[in-house]
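Listed in order, the protein sequences are those of chains A and B.
Under numbering that gives the first Met the number 0, think of the first position of the first sequence as 0, with each following residue one higher.
Under numbering that gives the first Met the number 0, think of the first position of the second sequence as 0, with each following residue one higher.
A couple of the hints might just be wrong.
Using C-beta positions, here's what the derived DEER-type ranges look like [unchecked claim]: (1) A:Gly68 <-> B:Lys224: 46 to 52 angstroms; (2) A:Glu255 <-> B:Arg202: 46 to 52 angstroms; (3) A:Arg92 <-> B:Gln61: 26 to 32 angstroms; (4) A:Lys153 <-> B:Ser160: 17 to 23 angstroms; (5) A:Asp204 <-> B:Glu7: 53 to 59 angstroms; (6) B:Ile200 <-> A:His32: 33 to 39 angstroms; (7) A:Asn219 <-> B:Ser160: 31 to 37 angstroms; (8) B:Leu90 <-> A:Asp143: 23 to 29 angstroms; (9) A:Lys43 <-> B:Leu90: 33 to 39 angstroms; (10) B:Lys203 <-> A:Arg92: 23 to 29 angstroms.
FYI, nobody ran anything at the bench for these hints, they're computed from the structure.
Here a beta-carbon is modelled for each residue, glycine too, at the ideal position from N, C-alpha and C.
Protein chains: 2
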Amino acid sequence: MATRKKEEPVILITNDDSIYAPGIKALTEAVMHLGRVVVVAPDKPQSGMGHAITIGHPLRLQKTVFVEGTEAYTCNGTPVDCVKLAVDKVLHRKPDICLSGINHGANHSINVIYSGTMSAAMEAAIESIPSIGFSLLDYSMEADFDPAKKIVEKITAKVLSQKKTPTHFLLNVNIPAVDEELIKGIKICKQAYAKYEEDFIERKDPHGRKYYWLTGEFVNFDKGKDTDVWALANNYVSVVPVQFDLTNYQLKEQLEKNWKF
Amino acid sequence: MATRKKEEPVILITNDDSIYAPGIKALTEAVMHLGRVVVVAPDKPQSGMGHAITIGHPLRLQKTVFVEGTEAYTCNGTPVDCVKLAVDKVLHRKPDICLSGINHGANHSINVIYSGTMSAAMEAAIESIPSIGFSLLDYSMEADFDPAKKIVEKITAKVLSQKKTPTHFLLNVNIPAVDEELIKGIKICKQAYAKYEEDFIERKDPHGRKYYWLTGEFVNFDKGKDTDVWALANNYVSVVPVQFDLTNYQLKEQLEKNWKF
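Kindly produce the complete structure, drawing on both the sequences and the hints.
Pasting the structure below:
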């Protein structure tokens, strides 16, 4: 463990796969020499939770043993709850950066909206904390995070080295699941219009009542070479700068012109 | 009940407060003369669920009795699940419009991100179904939805009367909780940068262990007169056109220029 200077940055780490997922351990190991790492992560998997928050029941924090040299807590809430509680009840200040992940599975294109990993990062960005969500394109619990760790370290160091980051700085980073030597580089991209074409598998329970499992096939409708889906398919790491102003300004202008009530 | 023509539009209705909330009944009553209404709504409240989807357990649909002249189902999943299931397993086609709400409580500014109401509407828009989320600025279960119903009817009729709506057409409509004669009009707006300044109330359980309740005060950081928060504070109905491409194009340009790896 590197010697730590007093003015070292505070790095908040969270995820949506829970503190027991290999991805958050890989993320922590990748950046712990860059600052003081504090981990606040869900105590159970929270994939697909989107930007959910917990309002109907109380939240708890539990100090836990994690990677040596870090301070870590589990939380019974969502990824967004973790960030809120970390700032308010653990750090009692804003961290210098918030990192979320490394997610087991892609969060490119439309997935940014469903992703607990990205929602945690977005929550930090709303609070004006520079923030990055990292995802590896491998769902497996046995995924090889070694090439990803180098990418994570490089991008995090880059952000921490900036004298100033724009307010609400937020990146969505996806990493192809290939050997290190096959990764062609890091590419700044836009979010592709690509999504799952849903299908529900229909089954019957022992009492004859129907139930459904959500499933689907991923389809890319966006043929541009400037998208995250294109970059990943071509073995680039995709970096999409993300915002949370969802106003559709083009449609706003149209409606202002054409809609009279 | 108005006589229905064969070519009448199919109107899918959902919400996040559950099928038992007065708001979804008000929404249904407001628009049922405009087309064939099919309701698929959660069987329990799902506020603050954001864009959550259900992947870890099976989903069920249950036909139920609702407003006379409508077809209605409850679903054990999230608002987004309701839309997916409605299209795939109930309608077996895309509806002509999807309406979500009327939410009990505001979904202006940053709330669009946390809102189950807006996520259901967004899910439909992703599927290229014109879609509107409606919210009334009154949390109460006893809220007076009568003025809101007229607004809902007016805006829905407007959208249905268009020969063509842009792809991924999505509106976030918030309605002030005031008497009808006090409503000044309908205003096309941008999403304000306004949010909750979080605070957690700390308590101890009977065993001496701490727990937290999320709470907070709403603060508007956006002083413009073109925002939804401004419109609502001035008794206008706010209409924000919403998009789901979260790419921050300004930051993208900056990074492309300045970041070399």
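- prompt: For the pair Gly68 (chain A) and Lys224 (chain B), does the Cβ-Cβ distance stay inside 46 to 52 angstroms?
  reply: holds, 51 angstroms
query: Is it true that the C-beta distance of Lys153 (chain A) to Ser160 (chain B) lies inside 17 to 23 angstroms, as the hint says?
result: Roughly 53 angstroms apart at Cβ, these two residues miss the hinted range, so it is violated.
message: Can you tell me whether the CB distance of Lys43 (chain A) to Leu90 (chain B) sits inside 33 to 39 angstroms?
response: holds, 34 angstroms
- request: Note whether the CB distance of Arg92 (chain A) and Gln61 (chain B) lies within 26 to 32 angstroms or breaks it.
  value: At 48 angstroms between Cβs, range violated.
Assessment of proposed distance window 53 to 59 angstroms (beta carbons of Asp204 (chain A), Glu7 (chain B)): violated, 36 angstroms
- request: Note whether the CB distance of Leu90 (chain B) and Asp143 (chain A) lies within 23 to 29 angstroms or breaks it.
  value: With a Cβ separation near 43 angstroms, Leu90 (chain B) and Asp143 (chain A) fall outside 23 to 29 angstroms, so the hint is violated.
query: Is the distance from the Cβ of Glu255 (chain A) to the Cβ of Arg202 (chain B) consistent with 46 to 52 angstroms?
result: holds, 48 angstroms
- prompt: Quick one: are Ile200 (chain B) and His32 (chain A) within 33 to 39 angstroms, going by C-beta?
  reply: The hint (33 to 39 angstroms, Cβ to Cβ) holds, given that Ile200 (chain B) and His32 (chain A) are roughly 37 angstroms apart.
query: Is the gap between the beta carbons of Lys203 (chain B) and Arg92 (chain A) within 23 to 29 angstroms?
result: For Arg92 (chain A) against Lys203 (chain B), whose Cβ atoms are near 24 angstroms apart, the range 23 to 29 angstroms holds.
- prompt: Do Asn219 (chain A) and Ser160 (chain B) keep their Cβ atoms within the hinted range of 31 to 37 angstroms?
  reply: 34 angstroms Cβ-Cβ, so the 31 to 37 angstroms window holds.
Consistency note: the structure conflicts with the earlier hints numbered 3, 4, 5, 8.
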